[in-house]
Amino acid sequence: MTTLDTAPVAAPAAAPARAVRVWRTLRSSRAAVIGLSVVAVHVLIALLAPLLTTYDPIANSADEALLGPSRQHWAGTDQYGRDVLARVLYGGRYALGVSVTATLLTVALGTVIGCAAALRGGRFDDVLGRILDAVLSVPAILTLLVVVTALGTGPSVIVLAIAVVYVPQVVRVVRGAALAVVPQDYVTAARARGEGTWAILRREILPNITDVVCVEFAMRASWVVLLISSLSFLGFGADPPTPDWGLMVAENRTAITVVPMASLAPIIALATLVVGLNLAADGLSKAWGVDRIREGS
Amino acid sequence: MLSFVARRIAAALGTLLLASVLVFLAVQALPGDVATQVLGKDATPDAVAALRGQLGLDRPAWERYIDWAGGALHGDFGTSLVSGKAVGGEVASYLGNSALIALVTVLFAVTGSIVLGVLAGLYRDRWPDHLISTASLVGMSVPEFVVATVLVLCFSVALPWFPAVVLYGPEASVGQLLPAVWLPALSLAIVMAAYIVRMARTSVIDVMASDYVTTARLKGLSTWRVVTRHALPSALLPTLHVIALNVAWLVGGVAVVENVFNYPGVGKLLLSSVQNRDLPVIQAVALVSAVVYVTCNLAADLGAMALNPKLRTRGRTR
Numbered sequence: 001m002t003t004l005d006t007a008p009v010a011a012p013a014a015a016p017a018r019a020v021r022v023w024r025t026l027r028s029s030r031a032a033v034i035g036l037s038v039v040a041v042h043v044l045i046a047l048l049a050p051l052l053t054t055y056d057p058i059a060n061s062a063d064e065a066l067l068g069p070s071r072q073h074w075a076g077t078d079q080y081g082r083d084v085l086a087r088v089l090y091g092g093r094y095a096l097g098v099s100v101t102a103t104l105l106t107v108a109l110g111t112v113i114g115c116a117a118a119l120r121g122g123r124f125d126d127v128l129g130r131i132l133d134a135v136l137s138v139p140a141i142l143t144l145l146v147v148v149t150a151l152g153t154g155p156s157v158i159v160l161a162i163a164v165v166y167v168p169q170v171v172r173v174v175r176g177a178a179l180a181v182v183p184q185d186y187v188t189a190a191r192a193r194g195e196g197t198w199a200i201l202r203r204e205i206l207p208n209i210t211d212v213v214c215v216e217f218a219m220r221a222s223w224v225v226l227l228i229s230s231l232s233f234l235g236f237g238a239d240p241p242t243p244d245w246g247l248m249v250a251e252n253r254t255a256i257t258v259v260p261m262a263s264l265a266p267i268i269a270l271a272t273l274v275v276g277l278n279l280a281a282d283g284l285s286k287a288w289g290v291d292r293i294r295e296g297s
Numbered sequence: 001m002l003s004f005v006a007r008r009i010a011a012a013l014g015t016l017l018l019a020s021v022l023v024f025l026a027v028q029a030l031p032g033d034v035a036t037q038v039l040g041k042d043a044t045p046d047a048v049a050a051l052r053g054q055l056g057l058d059r060p061a062w063e064r065y066i067d068w069a070g071g072a073l074h075g076d077f078g079t080s081l082v083s084g085k086a087v088g089g090e091v092a093s094y095l096g097n098s099a100l101i102a103l104v105t106v107l108f109a110v111t112g113s114i115v116l117g118v119l120a121g122l123y124r125d126r127w128p129d130h131l132i133s134t135a136s137l138v139g140m141s142v143p144e145f146v147v148a149t150v151l152v153l154c155f156s157v158a159l160p161w162f163p164a165v166v167l168y169g170p171e172a173s174v175g176q177l178l179p180a181v182w183l184p185a186l187s188l189a190i191v192m193a194a195y196i197v198r199m200a201r202t203s204v205i206d207v208m209a210s211d212y213v214t215t216a217r218l219k220g221l222s223t224w225r226v227v228t229r230h231a232l233p234s235a236l237l238p239t240l241h242v243i244a245l246n247v248a249w250l251v252g253g254v255a256v257v258e259n260v261f262n263y264p265g266v267g268k269l270l271l272s273s274v275q276n277r278d279l280p281v282i283q284a285v286a287l288v289s290a291v292v293y294v295t296c297n298l299a300a301d302l303g304a305m306a307l308n309p310k311l312r313t314r315g316r317t318r
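Those protein sequence lines, which keep their order, are chains A and B.
So in my numbering, spot 155 of the first sequence is number 155, and the numbers just go up one at a time.
So in my numbering, spot 49 of the second sequence is number 49, and the numbers just go up one at a time.
Just so you know, these hints were derived from the structure itself, not from any lab.
Derived CB-CB ranges, DEER-like: (1) B/228 <-> A/191: 49 to 55 Å; (2) A/196 <-> B/8: 34 to 40 Å; (3) B/115 <-> A/193: 52 to 58 Å; (4) B/7 <-> A/20: 44 to 50 Å; (5) B/53 <-> A/58: 44 to 50 Å; (6) A/70 <-> B/165: 27 to 33 Å; (7) B/228 <-> A/44: 47 to 53 Å; (8) B/111 <-> A/194: 55 to 61 Å; (9) A/198 <-> B/44: 55 to 61 Å; (10) B/44 <-> A/61: 44 to 50 Å.
Glycine included, C-beta positions come from ideal geometry on N, C-alpha and C.
When you get a sec, could you build the whole thing from the sequences and use the hints?
In structure tokens form, the structure reads like this:
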């Protein structure tokens, strides 16, 4: 993803201008600020999890099973006597780690392919469009299940599966945005200078669709978090005893009347993270005016 | 215009064909030999080889694909490796149960979300809009299994109005399933509506700001008339596409919710067939979902064309 933040080499004034722009965006959009702060808090909690709790998220303790919230266990314990709060705090590591990696890979691949499709056009674009349509027509959950059963569970497989499912959608959005840039004179000029596809893509097109890509990232991240948790809930994602929010809901659902907090805590964690991501995506897209490009996808 | 329709349908068929190839290839890539799977680990190599021959697994992939696709065209999807029954009939009975959920979901989601979306759009930046927009943001941000769990907690545990799990198999009658349909459908509808509300809101705001709505207002028409006669028809156009996409999404969403409620639908079938490596069933379910998706998109495109005079002449441009 280093390609995304390439500042134009010939324009030294770009860096301060960008900072000003970011600052203006943030000041103009309360939603983006709230969303980004929520996500930042989640990231902090995930990083500092060992400092915030003294409990081991996967250590069983049979005589402390199914306790309600108390001074020792703020969110109670689950059926194996594991501290729910500790599991929720550590769960952020898994959720954020896997989904950020997956989203980075997906958006990076989608951006490159989408730009290439817009730039090359013609036969390449047509064939690609057909293939993507076909991939999109198979339900995401099925593709995920097939990839996971074929390659086994584990974070890297899930990252790959998510990429397979979401790259086509990112390609569509990015291609749409890039199509608006391709007819510009400076792209024609670059072509006339004889620059290669890759150089045009990196220097002329990418800097002009950075905002679309950023919004796509936030938006896609929220979908990825949801999808990963659904997969874990169904038993195809994280393997027990990994502290994962989707898995926690699945495990504690049966005892929901006895210890409601054990299900509620991961639900709250999951929902706040996704609300944060959605708010950030919404706020940024409104502030940058890219919501028109994205609509309907 | 007719040629456009024909081209659009041809493209849809092409997509389906390609999708069927992808599905076939993907399922072939699943590890584990089917014959070993069926006979168990202790089977003699001879027996495995014999079964492979019987199942036609020793033939090249493209030959098996043509066989499978040809059969699928006639509704013959082979026999299930687990139940030994014809896959076509099995999938059809599960699909029927899922269609019941889908129907109720779409009914709830579409009517509810269009009303809410239009309200939010008309009362832009006032309290009804803030309320509806916040609610839809939350609806978008919780996974289906969470909505389903919360609904079970409210309407099966706290207030025992609806069953929390379905105890019938795939052959249950509509009457037996009907009480169990509401909670799954409502969970799906809440998640689905969240997206449609946002779309409907944006397009209502766009249309209300357009010149012809201003003209209609200046003519002295009542707000009600301006909204229902001038604004709504064109505001709902882009919403149509989102609805179609969401119906296609249902096929996936249904998998999660049906498992929460143990509802004998196609989503549950999909999950159990993946667990059991029941390849013919996985292929059939995937193909049927692809057909649903492509049909929904086609219907949305053609519907949009029928409603929008501009699209009729220019053709679809992205």
